[in-house]
Amino acid sequence: MNNSILKNSFRFILLVIVQVLVLNNLNLFGFLNPMIYIIWVFLFPIRKSKSLFLILSFLLGLTIDFFSNSGGINAGATLFIAYIRLPILQAVLKKSDFDYLLFNLRAISFGKAFTFISILTFIHHFIIFSLEYFSFNSYSSIIYNTLLTSICTIIISILSIILFTNKK
Amino acid sequence: MQQLIYFFRKFKYFLLFVLLEIVAFIFTIQHHSYHKSKFINSANSITGGIYNSANSVQEFFQLKKDNRLLIEEITTLKNSINTVNINKTRDSFKLYNSDKFRQKYQYTFAKVINNNFTNRNNTLTINKGLNQGVTSDLGVINSNGIIGVTNSTSKNYTTVLSILNNSSKINARLKNSNHFGTLTWDGEDYNILQLIDIPRQAQIKNGDTIITGGKSAIFPEGINIGIVNSFKFENNQYKTINIELFNDMSNLGYVQIVKNLERTEQLTLEKESANE
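Residue numbers (this note's numbering), protein chains in the order written: chain A, 1 to 168; chain B, 1001 to 1276.
Because the hints were derived from the structure by calculation, they are not lab data.
Misleading hints may appear alongside valid ones.
Sample of chain A residues at the chain B side, in silico, Cβ under 10 Å [stated by the list, open to error]:
(1) ASN2
(2) LEU14
(3) ILE17
(4) ASN27
(5) PHE31
(6) SER51
(7) ILE55
(8) PHE58
(9) ASP65
(10) PHE66
(11) PHE114
(12) THR115
(13) SER118
(14) THR146
Think of the CB as a built atom: it goes at the ideal place given N, C-alpha and C, for glycine as much as any other residue.
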């Protein structure tokens, strides 16, 4: 119990620091800044209280917003993927093989985990860039940025999940 | 009543979600209107402090470049001092009266501790704040040109609305004529800005220098911005004029904050004459 709280708080702080100090200044190919802090949303235990999860996701986004002076963009997007995480997970896995209590992202097959992460990342990035550009005229920039940054984020998220979490 | 409680219980997660989403949306709207992002910004002591300590490491690797910039600026300043001396020997100082020596602009230096340039709306954080006399609406420049306008301030940190921002509109003019326009950014390339509202009488050629116009009460007149990179002239009007910046916005170290000491006087006068 305590172990899980410690683990998640540590992950929260570490992801914020890495995101803000390293990845926001990465500028891959001149403009790509992957947003890997959403790994926290993927890995948060499902059996925990749902309202706590929503509030913490909101705070995670808000912390990133504080650092990057972006209003409530990250908070809104992170909250949204936190809310739709369970329905997406239920849709990706068939309901029969969905173990509510002992769910572990590493335990499900790679293909399903990949689909789950990709869907959430695309939605998150699409909300972020739509709110940032905030105009229908720049839809081409929004889609272009969403696609490229998402690919980058998905690759880095999957690699870090494989490297830094243990398979039980 | 019973049904109301039942309703709240059934949809409590959804209601919480909607509530927080509304809060996030309000912050986003505030962020898009200049001067209202009072709460969510990196000018507070925690985020400012973290950026400051991370920056002191990076600073070490920039020493060589910073030294070169300093020596360049000292050389320019020395050259300008020499011109002043020449004028004195010609007795032209007699023409000056004490009004001319009144200080109009006050400069403070600061260090950029956080800089972004890849988003649509970019901001910077600098390590001077209210304690050092920095308030909002002051111009931020360095030796190569303009950088932005200060936005929110805390005791020791200030956020700067970069010229690479949707809400940034800066008065600029051609160096060789007095036709002025507004400097904006389309969000594509951080080296290329757009000059709009230039009257069609203006003669523009590629390579013309663009400087700040004295129309705004923020920047002094005549600070370098960049050169004309390309432009389109259609239907007897200038469509888009692309300006290539002198400044490398991706690589900013020390900057100067310009305080216009006569700003309130100018704004009050303009307001009074507008009311008449």
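Here is what the structure says about each hint:
no.: 1; hint: ASN2; in the structure: violated, 26 Å
no.: 2; hint: LEU14; in the structure: violated, 13 Å
no.: 3; hint: ILE17; in the structure: holds, 8 Å
no.: 4; hint: ASN27; in the structure: holds, 6 Å
no.: 5; hint: PHE31; in the structure: holds, 5 Å
no.: 6; hint: SER51; in the structure: holds, 5 Å
no.: 7; hint: ILE55; in the structure: holds, 7 Å
no.: 8; hint: PHE58; in the structure: holds, 5 Å
no.: 9; hint: ASP65; in the structure: holds, 5 Å
no.: 10; hint: PHE66; in the structure: holds, 5 Å
no.: 11; hint: PHE114; in the structure: violated, 26 Å
no.: 12; hint: THR115; in the structure: violated, 23 Å
no.: 13; hint: SER118; in the structure: violated, 22 Å
no.: 14; hint: THR146; in the structure: violated, 13 Å
Comparing the model with each earlier hint shows violations of hints 1, 2, 11, 12, 13, 14; every other hint is respected.
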